[in-house]
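Chemist: One letter stands for each residue in the lines below.
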Amino acid sequence: MARGSGDAVAPAIASRGPLSRSEVALLGCAGLLAFFGLWALASLSGLTSRQFLPPPWTVAAKFVELTYEPFSGYTLQQHLLSSFARFGMGFALAALVGVPLGLLLGWFRWLDAIFSPLFDALRFVAPIAWVPFAALWFGTGIGGPVLIIFTGAFPPCVINAHRGARYVDRRLVEAAQTLGARNWRIISEVLLPASVPSIVAGLRVSAGLGWQSLVGAELIVASSGIGYVLVKGQASISTSIVMSGMIAIGLVGFAIDVLLRRLEARLQRGRTHD
Amino acid sequence: MSGERLRPSRLAVGGVTFVAVILLWYVATSAAQIIPGVYFPTPAEALQALRQISFVGYADGLLYQHFFHSCWLVLLGFAVAVGIGVPLGMLMGWSRRAEAAINPVFLLLRPIPPLAWIPLAIVWLGLGDAAKVLVIWFAAFVPAVINSYAGVRSIEPYLIEAARSLGVRRLQLVREVLVPGALPLIFTGLRLSLQACWTTLVAGELIGAILGLGHVLYQAGLDIFPAMIVVGMVSVAIAGGLMTAALGWLEVRAMPWHPR
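Respectively, the protein sequence lines represent chains A and B. Numbering-wise (the numbering used here), the first sequence opens with residue 1 and increments by one. Numbering-wise (the numbering used here), the second sequence opens with residue 1001 and increments by one.
For the record, the hints were derived by calculation from the structure and aren't laboratory data. It is possible that part of the hints are untrue.
Claimed, not checked - Listed below are the simulated SDA-like cross-link pairs for lysine to any residue, each with C-alpha atoms no more than 25 Å apart in a straight line:
1) K232/A x R1110/B
2) K232/A x L1127/B
3) K232/A x A92/A
4) K232/A x L1211/B
5) K232/A x L136/A
6) K232/A x G1208/B
7) K232/A x L1222/B
8) K232/A x L1134/B
9) K232/A x A121/A
10) K232/A x A34/A
11) K232/A x H1258/B
12) K232/A x D1129/B
13) K232/A x G1128/B
14) K232/A x G1126/B
15) K232/A x L1109/B
16) K232/A x T1017/B
Using the sequences provided together with the hints, build the complete structure.
Modeler: So, in structure tokens, the structure goes:
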């Protein structure tokens, strides 16, 4: 960054101008190399025990091993599958309750006035704080974790559907009303289609929060699933197992995000073609 | 919702809603006893639990001790995360080279939710406060970096060019152009950070702690003490709400020029 020399304007542009593709790749590789290099160095230097900070390749080997060697009863894939089932249930429930509720709140002002203060107050309770009640009401098997995922994923569904319905072009609503549409038809045939982009954006946020809540729920109450792998790894002070679990969580979270992003892009494209 | 100013009539309806909910709560648990006491406490029980934790103590501490302990940990983790994350994000926004070098590492770490760091933090640092601060730091760090980065990128290039043609030095440019220009998005990031901090703290304290609101929840869950669970949850909500309000106040003070 040679920003001290030359005339006043050119350096500003130069430092913000795009880099070439190879430069980006090179710098990116350097960054990654520095990250993994420092990690390996810290691990091999003997400053910490190998058990506390294994080098990257040990973690990678452990990750592969966990996919065929059962750990606390199941392989990594089976743990992930049981986590994913819980996530799917909690997320579906949040979407099925949250989106219609958001649309209703967006249409009926009186409903909005009644529920919004409640909703805003409840939102300050962190989803994880529901853990004791979730365990008390629904047990620690499926029901408890599903409730926690639900509380994590619910708010963005409601908020985005609400916002989508609120900012629908008034002319569309008025046109429908002129044609004699009642509340129910306006909600299902005007508000819902018009707020799809906002709803899908909300679903993406809510999937991320739901996945994160799932991890929290499983860390605290579950007896299977990916969060449980972390707990077991922690109990046996095996950093490589804990890190493998974290990688798996990251991968699934990333996959969920990519899928919903695709969906979002496709819907956006479909709309512009109309 | 937020941003929109509450009209008095709305406020009144909100107040009526809360009164109605408390009434409903009383009817469902005390008067008609539709919900059995094992699952949800009566209002009287909740008040009793509040009195107990405020004056006698519960889970090894009084309410204010738990409350301030949790707030202190969040503040500590949050402050460190903001102190490192905002400059790093701004650097990434300013320099394409820094962005190219740091971004891949960041993309690698970002999909891992903060809560998943808790076991690792416990392995490394034990069940004490240090592990919690580490995880809170991480939770707050990611949104702080991303939004500071986006904040710098959102500044119109001509503003920077104009400042430069007026001959400002680098430090002055940062103070007078980059920071104010990026501030709205930085504050968005800080709000997200704060929320993530609270979630993470509660999870960390539920997993293992000696003091704090999450510890109250954990103990109450263990003792099957629904009234204390309610007290714990309300305390968490109030603590989070107060901090969010404080941040909002700071936001208004920091950006007097920014329309609300």
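Chemist: Please flag the earlier hints that this structure goes against, numbers listed from lowest up.
Modeler: Numbers 3, 9, 10, 11 and 16 - these are the hints that the structure violates, sorted from lowest upward.
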